[in-house]
Each structure stands twice: as C-alpha cells, then as structure tokens.
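J.: Single-letter residue listing:
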Amino acid sequence: MIEVEQLRKSYGELIAVDGVSFTARPGEIFGLLGPNGAGKTTTIGCISGLLEPTSGRVRVMGHDVVREGMAARQALGVVPQEIALYEELSAIENLKYWGGAQGLRNPVLGERIEKVLELTGLSDRAREPVKRFSGGMKRRLNFACGIVHQPQVLLLDEPTVGVDPQSRMRLLELVRAEAQAGTCVLYTTHYMEEAETLCDRLAVVDHGKVIAAGTLGELRSMLEERDLLRLTGVFQPDAARAAVAPIDRIEVLQAEEHLLVLSLVEASRKLPAIFAALEAAGCEVRGTTLTQPSLESLFIKLTGKELRE
Amino acid sequence: MKTKMLRDAFFLARMDLWHLAHSREALMWTFVMPLIFFYFLGAITGNFRGGAKDPLAVSVAADAGFLADQVIDRLGARDFSVVRTRTEAEFLGYPRRLEIPGGFTAAALASKPVTLELTRVGDETGASYDRVRIERALNSVRSDMAAGAVTPEQLTELGRQPRALGVDVKAAGRRIVPPIGFDQSVPGTMVMFTLLVMFTSGAVSLTIERRNGILRRLASSSMSRGAVVVGKWGARWAMGMVQIAFAMIAGSVLFGVHWGPNLAAVLAVLAAYGALAATLGMALGNFGRTEAQVIGLGVIASNLLAGLGGCWWPIEVTPVWVQKAALFLPTGLTMDALHKVVNFGAPPSAVIPHLCALVAAAVVAGWVVARGFRFQ
Amino acid sequence: MHFIWISVVKDLRRWRRDPFTLAVWLAIPLVLAVLLNVVFGGGGKPAPRGVLLIADEDNTFASKVVSGVFHRDPLDKMLALERVRREEGRRRMDSGEASALLIIPAGFAQAVNRGGAFRLQLFTNPSQSILPKVIEDTVSITLDMLGTRRGGPPIGLKTTVIPEKKQGKSFAALFFPSMLCMAVWMIANALAGEIWKERALGALRRLAVMPVRMAGFLAGKLLAAALVFACVAGTGLVAVRWLGGVPVASLPAAILWLMLAGVAFYLLLLLVSMSASTPRGASMLGNLVMFPLALVGGCFFPFEVMPAWMAAVGRWTPPGWAVTQFSAILDGSAHAASLAAALAGLVAASALAFMVTLMRLRRSFAL
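Chains as they are written, first to last, in the working numbering: chain A, 71 to 379; chain B, -12 to 363; chain C, 39 to 405.
None of these hints come from the bench; they were simulated from the model. If you're wondering where the values come from, they're calculated on a predicted model, not measured in any experiment. One or more of the hints may lead you astray.
[What the hints assert, rightly or not] Taking lysine-lysine pairs in the DSSO-like style, the calculated list, with each CA pair at most 27 Å apart, reads: (1) 102/C / 157/B; (2) 196/C / 235/C; (3) 99/B / 196/C.
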C-alpha cells in the first residue's frame, strides 16, 4: 500500500505539494487527477523516490521512501509516462535489463519475461528491436518492464498517452488484472473515461492540495450532483408528478404524455421506488435513460478549470 | 511563372538561412573551430619553413691557426650557420659537426696533408649535400693559397676577388614556393570547413526536415517543387559564402594572409566551390536515410576530400600522382586555383578551367539532386 | 555486481547496433592515417633526383671535364643529366622542369688554356634551394681546378655518417601513436555524449526509482567503454605491428595504457557533457573541448613536428600526456617506475572524475 501523510514539497518559495494525504490499498486502483501544475507529478516523484519531500511522510509497503529508500523501491514498479526503453535492444533484452535491475535472476527472470510478454501480447515480436514497434506496442512493453518483477505497488503515470484504442483497452485490462492480483495501483491520467471506468477511488489535486477524494459515487454525492432520468412511455402528467413528489430530492423537469424527465440525486438507487410510484399512478414506463454527472463536470466544478488546460 | 518561382525560392532561401544561422552547432563550425584550425595548422606547417641557414657546429683546436677562421668565414658564405662550440658535449649535440684539428694552419702552410672531419647524423644524401658545400669552402681556401695568399689579410683580399673562371648564377622561371604556415592553413581550412558544414549541418537539416514532414508540407504548398529545391540550395550556398567571407576577413586581419592581386578571381573560384559544396551537401542530405548516416558519411567524406585535396598541407609537397589526382576533387581543384592566383602569381585566366570544372560539376550534381529530390 | 554486468551487456549491445556513432569517430583517425601514409609515408623509395640541363656549346675536353664531374658519385645519385640546346633549356627552366641549366658557351677551353677570364652561366630553379646550390658549388670547385688557382695545400675532408636512431622512426611509427590516441579520444567523446540519449529516453529516471545504485550504472558504462577502447587499441596495434612493421615493445602494456587512458578521457568528457543543459549544448561543448585538446595534445600531428612551445603545452593536456606515455611504451623507452607512477596518476584522476560525475548524475542529471 501507499501511505502519504501531509506530504509537502517546496522549491524555494514555490510550494508544489502542500499537505497531500491519501492512502492507496492493495488490490485497489487509486486515481490521481489534477490539471497541469497541480502537483500531481511532484507527488508521484516523491512516492517513487525521485524527489525528496520537504516534509511529511511517504511509505510504500510500510517502508519510508526516504529512510528506507532501497526497500521501498524493491516493492515498487513504475510505468513512466515517457517510453523509457532502449530502442536498439529487443523486447526481451529490455526486459532482461530492467528485470535484472529490479533484482531478478534466472530462471525466475526468464519465466517472468515469458509471462509478461504473453500478457502484453508481444511474444511474437520479442526478438525485434523496439524501434520497429508501433506506439501501442512500445507502451505495452513499457508496462511489461514495470511489472516484470511482480511489484506490490505499481505507479502508472499516464501510461496510455498516444496509444491506439485497442492497445489502450489491453493496457487497462492489464492494470485491472494487476489490481485483482492484489497489487496496489496508483494511476494518473488525463482521460476522464479511464478514471471513471478504472479507478476504485480518486483524489483530485489542485494547487498542491487534495481537494476531494473518494469513490466516484462519493464525489458525486459530495458535490450534490444530480442525475438526469429520462423516462418514455405512457403517462398522465399530473398523476406522474404527484406520484414521484414524495421521493427525496427529486425534481420534475418535464412531464408530458410520453415523456417524463426527472432530476434527482443517486437516481440508480431510487429507480425501483420511481417505477413503483409511477405504476401505482397508472403510468407505463417503456424506456429509461439515466445520465449521471460526468467526472469532467465534477472536475470543472471542483477546480474551476478543464483538466487539459 | 518563373518570377514566382524565383520569388518563392528566394523566400525559402532567406528563411532557411535564418534557421541555419541560428543553429549553434553550425555557428561553432562556421566561426569558432576554423579559427582554432587556422592557428594550429598554420603553426605546424609554418614550423616546416626551416631556417635560411643550416646550423653547423665547428670545433676548432686551440692551435688550429688563422686558416680555421678563413674556413669558417667561407662556410658562412655557403649558407651555414656556424656555431663554434666550446665543449665536447655542446659539439656532440649538433647533428652536423666539423672538426678542425690542431696544427691545421701550420700543416696547410707547409703543404702537408691535413684532414678535417665532418660528422653528419642523418642519411647519406644529407651528408653528400653538406660535403659538397664544405668542399667548396675548403677549395676556395686551397685555391687562394695556391695563388700565393699566406696571411689572413691576403686570403681575405683574394677571397673577395672574382675568379678568372667563374659562373654567373641567375634564377630562371617563376618562383613556385608552396605556401606554408597561415598562407596554407587559412585557405585550406576555409575550403575544408565549408565542405564540412555543408556535409553536416547543411545535409542533416534536410534529413530532419524530411523526417518531420516539413518537406512534404512544402511540396503540397503553392510553391513549385523547383522553387523548394532552389531555395534550399540557395540557403546553403549563402551559408557557405558567409563562412568563406569570414575566413577571408579573419585570415587577413588575424593571420596576415594576403589574397593576391586578383581578388575577383579568388572570389569567383570560391563562389563556384561554394555552389558545388552546397549541391553535394544537398545530395548527401537527400540520399542519406538517417541523421547518423548523413553525419557519419559527411564527416568521413569531408576529411578525405580535405586530405587528398591539399587542404591540410600544400599539395605541391606530395607525390606527383597525388597532385594529379587532387585535380579531380572539388577541394583539390579549388586549392590549386587558389595557389595559382594567390601564391604563384598566375593571371586570372589561369583559373578559368578550374571555374568551368567547378561550375559544371555543380550543375550536373544539382541536376541529379533536383531530379531525385525526396520530399518524403 | 550483477547490475554492473547487465549494464555492460546492455551498452555493448546498444553500441554494436548503432555502428555509425563509433564508426564516424574511428574513421577520422583512420582516414588521416591512410592519407598521411599514402601521401608522405614513402619509406624505402629512392630519394628524388633533380634534373641538370647542360647546354655545352663549347664541346671540348675542358667543357667535358665540367659536365663529367656530375657523373661521379655522389652527384650521379642526386642529379639526372640531360644535354639540351640553350633555347630548349631556357624554356624548360622557365616552366620549372629542372633544378638548373648550365650553359658552357663556346670559347671556354680557349679561356682555360690561355688562363683568361671566362664566365659560365647557371640558371637555377628558384623553387629549389639545395640542388641548385650543390650544382653551383660543384661547378665552382671544378672551375677552380681548371683555373690559374689550381693546386694548393692538400686539405682533405673525411665524412662520417651516423644513421639517426631516435629520429629514425619510420613514418608510421612517428604518426601511429597520435592516430590511435586520437581514435580513443574521439570515441570517448562520442560515448560520453550517449548519456544524453539515455536521459532523453527516461532510462535514467527509471533507474533512479529502482533498487540499484547509480554508481553501478556508471561503473557498467565505464567497463563497457573500457572494452571498446581495448578492442580499438588491440586491433590498431596488431594491424600496425604486422602490416606496418611498427615496433611494439609491449603489446599488453600498450593496450592496458590506452584502455585506461580511454576510460579517463571518457570520464572527463562525460563530466563536460553533463555540465551542459541540453543535448545540443553538450555536443557543442564536447567538440569545443575535444578538438582543440586533440590538436594541441599531439593527436593530429606528433609533438616532433610542432613548434617547441606548443609541444611543451600539449604534453600537459590529457591526450598529450597519454600520447607521450603511449609512445614511450611502444618504443620501449618507458621505465617501470615512471610507468607505474603514470598509471597511478591515471587511476587517481579517473577515480576523482568518477566521484564528481556520480554526484552530478545522482543530484540532478538523472532526474
């Protein structure tokens, strides 16, 4: 697991990270979101041991990254944003080097190399120089080099940048698989849909501080973002209005003979009650469309800016 | 149509020149490194100049007599720089040494045989040269004594008088002294570095532009492809001219190099050479596949052409076959032309063949490049 | 240790697959060596002969005595004689085809017999200095013998020739140490610049978050570089020894010296490269340091052909110091004590450079 307590990193008068705290647990995918300059990269740098914190503590699998740096790094796997591969070498040669640097030896190294090549779908091209790989293949190999030693903690810094959709899907599956195997995963990304679909918990960082953290549902409810429920069928508008009125924090935006549009919080939880009330009022629901507030809108609401500014 | 093409080409040349001129590496190889090479190669080859007089250590025995002084005076007239050594260690430190024994004058006056000893550290040929010159000096003493001179004053007086039988010596033909020192290193380095910059910065920038898609973009613009090729060439030629101008000015101001009485001929040759160098650089950038390949081939080719073309040392000191082969190289042709008009006093017409060859080569190479220019 | 080993393997593999980078810098000294040897290295060829044109318009015994002198040793080895007419001789002299033209006008023998005054004419080639003077002196001596001032005391001249040992190095032996040191110096610069590629890749940053020591990474690079230098040195020495006949007093010592010198160069140039802030800046800085030091340090031309002051300065530069010791090892004039001291100095300097480079790598360059 990753434990970050009151992490602070300053460069002279500039405070890049200001009291960030969060915990990422084994088997969990923890997302770190924030606009450029939010302190995301600095936070990642402190966790991976690249940067020394000004104050606060960071522990990886219980090892302080400053005082027990070597032990912490042994538990850590990093998939950096840049494709840190030797292009003149083949995939196998890269894995041998990075796996060896992580302390693996033969025959374990050989077995792990075979395994990760298979996992990432690169077995057929394993002996070719990396410079001949496509962007997606390079990203997969980059990922393979990060997990070859079966780390307990995995840091991924925007691992799918510039990757084709197929390769991206594959990478996301691999990340999920790692988490399911018990690895603690810290994931940063600019892609909202990735964060929404992948991350179990999220922290939103801005100006060096965590301004919100929790599951997506928790973040939505925290911000009192309302879902939009659009029902088609046969309705009596007045009866429909009266039927749903008792439901907590619901607002009827539109009520017509064939369309009912409702705005409410946690609609997915309240759907059965809504259907029961409408049925009791003699309405027939034929179609349902539920639109939940997006992470993007949440983000904008929290930070006041788009993620890609 | 042609006006537009030329306008486009000029625009592109201006832009490219600005871009090239802002490359720090190009600036370093255009302005900084040449000065270092000017100085170094000039100092080395200037060291080959040699003294007008060859040092000759002379050991004179205490009782050698006045004839030893006569011999020494006449050796000085034979272009020896005579050093009368005092100790044996000093004497032995010279590669060329003459020992005048004791009783030399007495033996000579008594017509008794006496032998001087010449020791030469070196080879037989060098020893033979020295021997002839020393024999001349000794023979003049012998013949003056044969004419009756027996005192120092008589010998000195007779020595000054012309012989009845003598030889009048005149120089014939033109003095062709291969330039050495800065007179060689400045033009040679200038010619070499012009080619080197064309072959590296000039060529590799083309490769990079192709890789980045810039050439493809230009090809699909309203500029004709001919304008693009001419514009690219123009920038490189202009860069070469800047380099040449700098070298000529720096050479004159800092190293005292004179460019001869026919500056127009010199500039014409160098302009033609610059044109050919720019074209060859474009050829390398066009047909080379990767930056590493282009730089590698460029560095090797420019060094080879410089060495064989007489940029590092005067071609006149090399074997005849090398001098002839150099005339088939752009560097050799240019250096030969420069030597003719700058160092050997030839008229401008003497370099017309060189000009024609350089221009023709530039045109042919340019045609090949234009025909096969790769935009992607 | 394992990490050092895999780093060595990694670098050797990478360099093997990118031959151009090394080939370029190896090619410069090779091209230079081949050119110098082709242009100047004509060992064993006969010394060039001058041409003496003789226009004998007198055609008498006396004139033949004058011209006959040039058929005798050693002048016959120095000069090729050709009989010409005056006009042809003048034309050929004007075009610089001969060393001198000796015109013996008609009436020479008569002047000799009557003891009167007479002048021969000698036209010399102004581009030559030695042979025309030899011809002039020889003619003057002969005329003295024919003239009224013949005879005189028997003053003889004995000549002893001592072949040059020290300076009698063959051309290849003189230039080879410089060329090989230049190759190592330039390859060291190219390899040093490679660190920027690894930085740009992100490999250094990746390593920084791994349970490995940067010292191991740097040591791996040094060992790989040392192997490259050993290969270059070994190949060059074997080639020149067997093909060029250059004496090599101790092959192992020469390889060892050059390998260690290469490592020291590599560390020095790595430090220079890493003090720049961009890859292009590093390349420029590397070249700005490398070329002048190579020039002054006896890598292009040996110290023997430099002005004395330049050679004195050059011997104190890193390449100059390496060349001096290397030459001494090759010709067997290196003493064990001085060599040991030089080796110790080299190791000490390398160790210092290693520590400083490591500090820079750890503190900022890798991050």
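J.: Now, for every hint given, state plainly whether the structure supports it.
T.: Going down the list of hints, with the structure as the test:
1. 102/C / 157/B: holds, 22 Å
2. 196/C / 235/C: violated, 69 Å
3. 99/B / 196/C: It holds: about 16 Å lies between the C-alpha atoms, which stays within 27 Å.
Hint compliance for this structure: hint 2 alone is broken.
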